[in-house]
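J.: All chains should be modelled from the sequences, with the hints used to inform the complete structure.
The primary structure of each chain is shown beneath.
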Amino acid sequence: MAELPVAPTMEARPARYRWLMAIGRQRELSLVAIMFVLGAGVSLIAPQFLSVENFSQVATLAAVIAVAAVGEAFVIITRGIDLSVEAIIGLVAYCVARTLELQVLDPIGAIAMGLAIGLLLGMVNGFIVTMLKVPAIVATLGTLSIFRGIDYVIAGPDQVPLAGLPEGFTDWARADVLGIPVFVLVTIVVVAVGMVLLRSTRFGRQVYAVGSNPEAAAILGIPARLVVFVAFSVCGLLSGLAGIMWVMQFGTINGTAATGATLAIVAAVVVGGVNTLGGSGTLAGAAIGALFLGFIANALILVGLSQFWLQAIYGLVILVAIAGDQVIRRSVQRANTRSGTR
Amino acid sequence: MTETMAGPGAPHIELRGISKSFGATAALVDVSMDLRAGEIHALVGENGAGKSTLVKILAGVHQPDGGTILLDGAPTLIHGPAQSRSLGIAVVHQEPRLFPDLTVAENVFIGHAPSGLLGSIDWRGMRRAAQGLFDELDVQFDVGAPVRGLSMADQQLIEIAKALSADAGALILDEPTASLSAHEVERLFAIVRRLRDRGVAILFVSHRLDEVFALCDRATVFRDGRHVVTANTSDLTTADLIRHMVGRTVSLFPKVENPIGEVLLEVSGLTRVGVFRDVGFSVRAGEILGLAGLVGAGRSEVARVLFGLDRRDGGEVRIGGKLVDFAAPSAAMSAGIAYLPEDRHQEGLVLDFTIAQNVTLPILPRLFPRLLVSAATERRVATEHTEQFNVRMTGVDQEVGALSGGNQQKVVLAKWLASGPRVLILDEPTRGIDIGAKVEVHRLISELAASGLAIILISSDLPEVLAMSDRIVVLHEGRVTAEIPRGQATQERVMFAATGNLAGDEGDVPVAATGESTRG
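Chains A and P supply the protein sequences, listed in that same order. Residue numbers 20 to 361, in the numbering used here, belong to the letters of the first sequence in order. Residue numbers 13 to 532, in the numbering used here, belong to the letters of the second sequence in order.
FYI, nobody ran anything at the bench for these hints, they're computed from the structure. A virtual CB, placed ideally from N, CA and C, is assigned to each residue, including glycine. Relax, there's no trap hidden among the hints.
So the derived label-pair ranges between C-beta atoms look like this:
1) P/479 <-> A/218: 41 to 47 Å
2) A/341 <-> P/377: 32 to 38 Å
3) P/377 <-> A/182: 50 to 56 Å
4) P/164 <-> A/335: 40 to 46 Å
5) P/111 <-> A/296: 21 to 27 Å
6) P/389 <-> A/334: 42 to 48 Å
7) P/464 <-> A/296: 40 to 46 Å
8) P/34 <-> A/165: 48 to 54 Å
9) P/399 <-> A/211: 33 to 39 Å
Some residues of chain P that are not near chain A, with every Cβ distance over 10 Å (derived):
10) 181
11) 268
12) 407
To be clear about the criterion: a stretch of chain A counts as covered by chain P if any three or more of its residues have a C-beta under 8 Å from a C-beta of chain P, and this derived list gives those stretches:
13) 212-225
14) 237-245
T.: See below:
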């Protein structure tokens, strides 16, 4: 890059600063760019990568994680974290599948119930964090265990087989509208609604303010606890939606559904550029982060590497993303303080 | 004012032609000065003048690009903080950097704890030695207690004891009084003088010029990274110093006389158990009411109750004659109160936000009653409100974190004024900003009062309170001890009340006696 001289002139520094800011800001674009480059490489080894079927499959699988990641992003932007999302997904998935198997509710009713359970569990998390003042990481570690425990108690050793679900219920995971998978459309709607909420409403401004500077928010009369409570509730609701999608996706559900998914969800949020310390990041970033991880998983299989690598790679991706953020933030700060000491 | 120079000590530390640049910014240019054993040497200059860079070079944090440091005449390189300490240079920072969960004694001896048998720590010896150090400083301390919860002043004394324990020949105090009350400042000064008399070379970095004259033997002024002047403080006046610092003459506090209107805020019998009791005062439209007192007197706490951040336990607050009771800041804001908090970064601004987003934050509900936010409206409103403040910015879309302290403070002011308040509470509005910006903030405060706002000004900077206020209410340990009109306010009177003497007893204050005590 020619505009990055070692001894920058007064003209060049703002340019460099803007360049760094751009990378810091446009995480979504950077991710897409990386996917293009990686994709080109993978398609050389495995030509089937470039098929429409493969793309829809990757996107559909990623959609479940993406929906939950959008909820998680809400919480992380307010300086919290929700580790219990995988247990919410699992519990909702089992409850929905079991209700359908027993034919207590029709599919619409079961979906509504799943969303309600997710919302309720999210509100429980929000209550513990805001009213009992338990740090989010501890509170949701506790509820992770509790929700999963309830799942085990309800499910026992039983599982709901694919055949137990009403006909057509799992078809949604494979259906498309004008060639676009329904799951992808659902994700786009979730992201779009969430983005409008965060970018263009008073509530959204308050979410960022609380995450960026809770003390200032308090002095401005922003109801910080309500904002955090709502963030956890939204996260629960979207985890519930992800749980329903999980049933449609996999069909056969037992008490261990979605175990370990929190790692992928948090990884998606972090890779998507949401600041782990709160206050900045976008929901589109979180969703694209999920797509990015799904894409890596797919590429691994096609290139012939073992799936067992996946766990380690998710962890690595989280670390690279956070370390990269730190480097960029520090450079931007340095550029800032220097231009500030004039 | 100061006694005769404490012996013409040879230079303990001498700097010759020190330069330091960060990228293209020259922080220090060819700076030469010396620090003598047995003197207190003030280093003053505006923010960005290079004071902190010099302190960091002596502390070993930065290495100079050019020039020589002589220690007792011998050229020395200071490679890092550990070496700086081993050369006997101790730095006490404005915000003490102690370990809150360790005891006082452990903090004093951190890194060089006395060892007993087999190299294990000699706990009893350490406590005894720490106690000895504090006895030397003539202060009472429970050296076995953890540091957490101690006042800023006490923590600084621990830092000083730490320096003594390392047998430091040079002590650098970097804005040590910024968060101390006047009484604590006096205690610190007494200790610093005692150290000087023992032959320690002391560099005193400060924004407070009155302290420079009260404490220091010589003063050096930096401007834009260059050495401007070094002179005996007895040969200087405040006006001289300021002229050297800014390179032009400034009128410090442009106080404007305003017509004073009807009572806007009336407080009576206000009580918050354990914090303050029976506080009463009133502020009129166009009036600036100074709220003076030592740190811990309850000034900010009163403000927090007025703004609905804390609840009161008793008393009445009236706004425009109407009785009010706020459960939350939002209620106070809609009743027309704005509160500019003490800590700009912690409580005043959202640094991730742009200027526009910060300015509109308190008025979002009013600006956008239908929930949706419009960026264009936001920019327009923010531009309107920042215009009168002369904020140095590229535009209202700039992130607030990139502004200098003085400009950030102007954004905070703009933000609160956007909410259209009738009563404005300013808590330490000029702390930590350079003199140029300070003068501008004072001008703004005067203008705001002139426009009919009732202003409560809380400040630890006594000359500032005296110069700006139409009336001064003095608090001491949570109670009002004096209410002094502008014409009768003197530093002595305010300080007399702030140290707990009720207004009635002051009739014939032996001015000489109080003057004596401030000299220590």
